Amino acid sequence: MPHDSRPKFLNLLAIRQPIGAVTSILHRLTGVLLFLLLPVAAWLLELSLRDPAGYARAAAWLEGTAGRAALLLLAWIVFHHLFAGIRFLLLDLDLGMELTAARRMAWVATLAAPLAALLFVGGVL
Amino acid sequence: MSRQAHGLRAWLLQRFTAAYIALYILVTGVWFLWQPLHSHAQWQAWLAAPLPNLATALFIVTLLIHAWVGVRDVIMDYARHTGLRVSLMALVAVVLGGCGLWSLRVVFAVVGQ
Chain F
0 MPHDSRPKFL NLLAIRQPIG AVTSILHRLT GVLLFLLLPV AAWLLELSLR DPAGYARAAA
60 WLEGTAGRAA LLLLAWIVFH HLFAGIRFLL LDLDLGMELT AARRMAWVAT LAAPLAALLF
120 VGGVL
Chain R
0 MSRQAHGLRA WLLQRFTAAY IALYILVTGV WFLWQPLHSH AQWQAWLAAP LPNLATALFI
60 VTLLIHAWVG VRDVIMDYAR HTGLRVSLMA LVAVVLGGCG LWSLRVVFAV VGQ
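These protein sequence lines map, in sequence, to chains F and R. Note that numbering that gives the first Met the number 0 gives residue 123 to position 124 of the first sequence, counting from 1, and the numbers run on in steps of one. Note that numbering that gives the first Met the number 0 gives residue 70 to position 71 of the second sequence, counting from 1, and the numbers run on in steps of one.
Be careful, since some hints might not be right.
Stated by the list, open to error - Derived contacts from chain F toward chain R, CB cut-off under 10 Å, selection only:
no. : residue
1   : Arg27
2   : Leu35
3   : Leu37
4   : Leu48
To be clear, the hints were calculated from the coordinates, so they are not data collected in a lab. Quick caveat, the model's predicted, so the values are computed rather than measured. Just so you know, even glycine gets a beta-carbon here, dropped at the ideal spot from N, CA and C.
Could you put the whole structure together from the sequences, leaning on the hints where they help?
Now the structure itself:
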């Protein structure tokens, strides 16, 4: 191996990622999290439709402190995946390919997600 | 069909399913902000109506396809060992199939009630 002496710099916490990379990896992370939450979603769907008692249980859980926090986090995950996904669709259409526009779009997608989550959860509860 | 065509098909599927999932979430999200649910009967009646029932069933199917393509891509990127890769994909397929069949059964069962 001729390149053994090359420095390795793979500390992900020390590499300053551009906002596009952060938006992109969060899209992947939120996607995997949403997949892992699918059994919970299916269970909640079944519980809420089973009978009035099941509906009340699901509603009571969602209206508790833990439920609200979970709903806020879930809304953030969904909105980030949605907005970052729309960003990918726009990039596919060659929109926002110039560096400044691309960075602005990534910032908007990443920052709009928690705002939309707060507005949505505030509106529902 | 060539490998490239398979990749193109997955890429297209991912985008069409994404568009429908986004549409469904936006429409139902705005609907329930406007008409909040207050009871089990209301929730059941909403889901039993033909349009929401079919739209929700289609949502579940598109979500399964979208999740499969997405998680498969992640597994192909990080799981390098073939055995591990195949095992993970099989596990994901079982989870997705289980969640999907269960949810679809629940959604269609509402119609008869």
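message: Would the hint on F/Leu48 be counted as holding, given a Cβ-Cβ threshold of 10 Å to chain R?
response: At 6 Å from the nearest chain R Cβ, F/Leu48 passes the 10 Å test, so the hint holds.
- prompt: Hint check: is the beta carbon of F/Leu35 less than 10 Å from a beta carbon of chain R?
  reply: holds (9 Å)
query: Taking the least C-beta to C-beta distance, is F/Leu37 closer than 10 Å to chain R?
result: Since chain R brings a Cβ to about 5 Å from F/Leu37, closer than 10 Å, the hint holds.
When the least beta-carbon distance from F/Arg27 to chain R is tested against 10 Å, hint result: holds (6 Å)
Violated hints for the displayed structure: none, as all numbered hints are satisfied.
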